[in-house]
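Can you make the complete structure from the sequences, with help from the hints?
Each residue of the first sequence is one higher than the one before, counting from 25 in this note's numbering.
Just so you know, these hints were derived from the structure itself, not from any lab.
It is possible that some hints are incorrect.
[Unchecked claim] In silico PhoX-like links for lysine-lysine, alpha-carbon gap of 25 Å or less: (1) LYS492 - LYS479; (2) LYS89 - LYS102; (3) LYS248 - LYS223; (4) LYS886 - LYS697; (5) LYS89 - LYS270; (6) LYS868 - LYS922; (7) LYS163 - LYS531; (8) LYS377 - LYS492; (9) LYS479 - LYS489; (10) LYS244 - LYS219; (11) LYS227 - LYS244; (12) LYS416 - LYS358; (13) LYS163 - LYS528; (14) LYS277 - LYS89; (15) LYS847 - LYS610; (16) LYS635 - LYS594; (17) LYS270 - LYS163; (18) LYS246 - LYS223; (19) LYS768 - LYS847; (20) LYS277 - LYS81; (21) LYS102 - LYS91; (22) LYS479 - LYS503; (23) LYS223 - LYS244; (24) LYS414 - LYS377; (25) LYS210 - LYS270; (26) LYS163 - LYS219.
None of the values given here were measured: they were computed from a predicted structure.
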Amino acid sequence: MTQSSPYILVDGSSYLFRAYHVPYLQALSTADGHPTGAITGVLNMLRSLNKDYPDGKVIMVFDAKGKTFRNDLYPEYKANRPPMPDDLRCQIAPLHNIIRAMGYPMLVIEGVEADDVIGTLAEQASAQGLETVISTGDKDMAQLVTEHVTLINTMTNVTMDVDGVVEKFGVRPDQIIDYLALMGDKVDNIPGVQKCGPKTAVKWLTEYETLDGVVANADKIKGKIGENLRAAVEQLPLSYELATIKTDVELEKNLADIEASEPDTETLRSLYEEFELKRLLADLNAGSVPATQEDAATANDAEELTPLNQDIPSNYQIIYREDELDEWIVKLIKSGCFAFDTETTSLNYMQAKLVGLSFAIEPGEAAYLPIGHDYDDAPEQLSLELVLSKFKPLLEDETLLKIGQNLKYDANVLNNYDITLAGIGFDTMLESYCFNSVATRHNMDALAEKYLDYKTVHFEDIAGKGVKQMTFNQIDIDKAGHYAAEDADITLRLHQVLWPKLEKSEKQCSVFTDIELPLLPVLARMEQHGVLIDADLLNEQSQYIATRLDEIEVAAHNIAGKSFNLSSPKQLQTILFEEQQIPVIKKTPKGAPSTAEEVLQELALDYPLPKLILEHRGLAKLKSTYTDKLPLMIDGQSGRVHTSYHQAVTATGRLSSTDPNLQNIPIRSEEGKKIRQAFVAPDNHKIVAIDYSQIELRIMAHLSNDPGLLNAFAQGRDIHQATAAEIFNIELDDVTNDHRRSAKAINFGLIYGMSAFGLSKQLGIPRGRAQDYMDKYFERYPGVLTYMEETRQLANEQGYVETLYGRRLFLPEIKSRNGARKKAAERAAINAPMQGTAADIIKKAMLAVDAWLTVENDPRVKMTMQVHDELIFEIHEDIVDEVTKKLVQIMNDAVELKVPLIAEFGIGDNWQQAH
DNA sequence: CTTAATGCGTA
DNA sequence: GTACGCATTAAGG
Numbered sequence: 025m026t027q028s029s030p031y032i033l034v035d036g037s038s039y040l041f042r043a044y045h046v047p048y049l050q051a052l053s054t055a056d057g058h059p060t061g062a063i064t065g066v067l068n069m070l071r072s073l074n075k076d077y078p079d080g081k082v083i084m085v086f087d088a089k090g091k092t093f094r095n096d097l098y099p100e101y102k103a104n105r106p107p108m109p110d111d112l113r114c115q116i117a118p119l120h121n122i123i124r125a126m127g128y129p130m131l132v133i134e135g136v137e138a139d140d141v142i143g144t145l146a147e148q149a150s151a152q153g154l155e156t157v158i159s160t161g162d163k164d165m166a167q168l169v170t171e172h173v174t175l176i177n178t179m180t181n182v183t184m185d186v187d188g189v190v191e192k193f194g195v196r197p198d199q200i201i202d203y204l205a206l207m208g209d210k211v212d213n214i215p216g217v218q219k220c221g222p223k224t225a226v227k228w229l230t231e232y233e234t235l236d237g238v239v240a241n242a243d244k245i246k247g248k249i250g251e252n253l254r255a256a257v258e259q260l261p262l263s264y265e266l267a268t269i270k271t272d273v274e275l276e277k278n279l280a281d282i283e284a285s286e287p288d289t290e291t292l293r294s295l296y297e298e299f300e301l302k303r304l305l306a307d308l309n310a311g312s313v314p315a316t317q318e319d320a321a322t323a324n325d326a327e328e329l330t331p332l333n334q335d336i337p338s339n340y341q342i343i344y345r346e347d348e349l350d351e352w353i354v355k356l357i358k359s360g361c362f363a364f365d366t367e368t369t370s371l372n373y374m375q376a377k378l379v380g381l382s383f384a385i386e387p388g389e390a391a392y393l394p395i396g397h398d399y400d401d402a403p404e405q406l407s408l409e410l411v412l413s414k415f416k417p418l419l420e421d422e423t424l425l426k427i428g429q430n431l432k433y434d435a436n437v438l439n440n441y442d443i444t445l446a447g448i449g450f451d452t453m454l455e456s457y458c459f460n461s462v463a464t465r466h467n468m469d470a471l472a473e474k475y476l477d478y479k480t481v482h483f484e485d486i487a488g489k490g491v492k493q494m495t496f497n498q499i500d501i502d503k504a505g506h507y508a509a510e511d512a513d514i515t516l517r518l519h520q521v522l523w524p525k526l527e528k529s530e531k532q533c534s535v536f537t538d539i540e541l542p543l544l545p546v547l548a549r550m551e552q553h554g555v556l557i558d559a560d561l562l563n564e565q566s567q568y569i570a571t572r573l574d575e576i577e578v579a580a581h582n583i584a585g586k587s588f589n590l591s592s593p594k595q596l597q598t599i600l601f602e603e604q605q606i607p608v609i610k611k612t613p614k615g616a617p618s619t620a621e622e623v624l625q626e627l628a629l630d631y632p633l634p635k636l637i638l639e640h641r642g643l644a645k646l647k648s649t650y651t652d653k654l655p656l657m658i659d660g661q662s663g664r665v666h667t668s669y670h671q672a673v674t675a676t677g678r679l680s681s682t683d684p685n686l687q688n689i690p691i692r693s694e695e696g697k698k699i700r701q702a703f704v705a706p707d708n709h710k711i712v713a714i715d716y717s718q719i720e721l722r723i724m725a726h727l728s729n730d731p732g733l734l735n736a737f738a739q740g741r742d743i744h745q746a747t748a749a750e751i752f753n754i755e756l757d758d759v760t761n762d763h764r765r766s767a768k769a770i771n772f773g774l775i776y777g778m779s780a781f782g783l784s785k786q787l788g789i790p791r792g793r794a795q796d797y798m799d800k801y802f803e804r805y806p807g808v809l810t811y812m813e814e815t816r817q818l819a820n821e822q823g824y825v826e827t828l829y830g831r832r833l834f835l836p837e838i839k840s841r842n843g844a845r846k847k848a849a850e851r852a853a854i855n856a857p858m859q860g861t862a863a864d865i866i867k868k869a870m871l872a873v874d875a876w877l878t879v880e881n882d883p884r885v886k887m888t889m890q891v892h893d894e895l896i897f898e899i900h901e902d903i904v905d906e907v908t909k910k911l912v913q914i915m916n917d918a919v920e921l922k923v924p925l926i927a928e929f930g931i932g933d934n935w936q937q938a939h
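Spelled out as structure tokens, the structure:
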């Protein structure tokens, strides 16, 4: 945020042309046929700009009719341009009228172009040291960028400062005119050097700085292109002049005298009515709501989006007849790429029955194909068999791209009908996640609100909620049809907004294209295959725990002298701290005496009751979460447990797992291990678990480039032992278990962005000692310290950090004035590149493993689970050794780091043994 | 019936 | 001190 409000100079003409060419805006017109797409586009852009810069002083600038000084310089200027189409021309006057009625100052100066007026105003602002933002879709304006002048393309929300210009064009803003002159411009008919494109222009300017420099050295340039340059020398000054935006246009008013006026709501209302601008009319009637500071803050994270998709008529069709279906199938095939969605009876993909399909090929052009609505007097629908037989080829066609929202679900459902979804082209959930993993939840309703400013029909709106909620097959087809068609429609529109955003960043795009999207079918296969659970073993364990819990309860009640609920912290407080008069060690944030684990641990040394409570808590949790629950989650059909892996949940890029969560199965306690024993291999198979050893520390070594750390890993040392030797300044062989434990705590702590305070607590040592350890660590591994400081700084500067592969994690709290929150965000900034890179790596490994499995096509090997740094397989015992060896190799070679990547394996009859 | 707070399982 | 999901209780409607 700049201190005084910036001037926002809007290149209205460039937006007008761009909006006119946006396909889905071209459909817009009033009922009597007056086109309004370009008007809508420009006004939407303006609305978004206002939201981004609530304090900005907006000045609208348009080209005037007729010739300009450039035509005097060069009669051929823009001679190749076709005349303005009538359906655009007729939108100009209404747009001007609306903008005037809105109260914006508007400049239309004859004899010069909008660019020149903007250049002049920007120059005036800069002279006064005022900030200026130029809103334009025209890249030529890059020549105006300075320390005080930035560009924003409000249609794509890309901003550009001096560094941005260098990044985008490869030359500085002050070289842009030279750059444009060299290249010339076909559309504007500006001559340049034949065959000189951006690459050549940048090359020359990098070497010779300016156009004059290039011309002076023209003799040195070899080949045909050198000849072309020499042939153009005469012309180049003219090209330069034509490409130069004026900054000294004579204006009637000075910048300071240009002021906005009050909106003329009556005129606006009549104009909005005349041109049927319903959304603006609604805004007007609601009283315009100023954008909040919070909105502005998120907008500045360079991730807020421009809703251009509003006010689009939607034409939703419900397909009942075979000829209608055939027509749609032709349309879908011709489209080459369509949005699609399934409607089913359940969120559980194993149990879900298909109720209908929906598609969209253009925004607003969508259809719903009902097949399984079975309420009383439901209209007759096409049969499932007919529909699937016609759709199977389309859905399995690699070359026919599908756009979906969470396509993994649809793929899983279709799999139940023997359809293997292929041509998974885009998934809007993953697009949103790769673009910004923390901005919203990535469900369709949230995305539509955020990115399209559109409120969708929610499932609850048509199905009801709570126990009375209907399943989709019970819902009235008309209602269901609108909902379903909208789903496909909105998915398509979201894709049209999100994809261009994602494409702006090559790295983010690559995370989507090379990691997340290909991982989708891999996860789908793992989910479908499921894991085998020994229910009898778990039930047995449940019984045992139940008995033990009863014993504990009786004992606890005896000590307390009364009956109470052991799992109620509140009742426990009363018993422990009031009735038993046990001293209060720690209080909860709200001031109540804490009964947290660590408190009870300490009290357990002196009192019997806390010890019982601890055991009770542990066992009760184990029983309810795992031993009772897991057997209930076995699918009746497959006899296995099918989790859901969520690909768009975590901020860092990890997967998460639910229903059940297979990523938090106990491992440490004895009782916990029993649960892993229940994850068994099928007959004649083994469970193989392969996990990455110290992956996050290895990544820290890679990212920090610290020689000591790199060396320790290169030599295959026990990293905690090596660290201990360094910190305590002793020989490797003299490292005791205690030393190693301390070093391990430091190593882990560093990954979490820990402070000396945290370390002291972890190790139970004084703060000063902890600080000494850390100082010593950083002294021995200075690269790590530098890396941490740089990461922190980077996070502060750009508001996000990146993984090795370009996954981006935004940290909105990094700008918080609340010290604690800011600190927490900084710790997250330290952790995210390491945790996130580890997530990227195992995802890449899963892709490599899956690729190999696909080639082998051997049903005796299945990848069944992922637990962050570990992959679990079921492998037939005949081939288990060789396959495991191969899998370890694939995981080791999944990526190349500056340190070796080591995967370790275990083989057993169950998951516990395999560890 | 939903939500927040607490506690605890994993990497 | 990072990142999650789930069970439970208690409070709000």
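How the hints compare with the structure:
1. LYS492 - LYS479: 24 Å, holds
2. LYS89 - LYS102: 14 Å, holds
3. LYS248 - LYS223: 16 Å, holds
4. LYS886 - LYS697: With a Cα-Cα distance of about 23 Å, the restraint between LYS886 and LYS697 holds, given a limit of 25 Å.
5. LYS89 - LYS270: Within the cut-off at roughly 18 Å; holds.
6. LYS868 - LYS922: 17 Å, holds
7. LYS163 - LYS531: 22 Å, holds
8. LYS377 - LYS492: 19 Å, holds
9. LYS479 - LYS489: Status holds; Cα separation ~18 Å.
10. LYS244 - LYS219: Roughly 17 Å between the alpha carbons, so the hint for LYS244 and LYS219 holds.
11. LYS227 - LYS244: 13 Å, holds
12. LYS416 - LYS358: 16 Å, holds
13. LYS163 - LYS528: Holds: LYS163 and LYS528 sit about 15 Å apart, inside 25 Å.
14. LYS277 - LYS89: 20 Å, holds
15. LYS847 - LYS610: Answer holds: LYS847 to LYS610 is near 24 Å, not above 25 Å.
16. LYS635 - LYS594: The given pair, whose Cα atoms are some 17 Å apart, holds under the 25 Å limit.
17. LYS270 - LYS163: 16 Å, holds
18. LYS246 - LYS223: Measuring from Cα to Cα gives roughly 16 Å; hence the hint holds.
19. LYS768 - LYS847: Holds, at about 23 Å.
20. LYS277 - LYS81: 16 Å, holds
21. LYS102 - LYS91: 10 Å, holds
22. LYS479 - LYS503: Cα-Cα ~16 Å, so holds.
23. LYS223 - LYS244: 18 Å, holds
24. LYS414 - LYS377: Between LYS414 and LYS377 the Cα gap is close to 18 Å, so the pair holds against 25 Å.
25. LYS210 - LYS270: 21 Å, holds
26. LYS163 - LYS219: Since the Cα atoms of LYS163 and LYS219 sit roughly 20 Å apart, the hinted pair holds (cutoff 25 Å).
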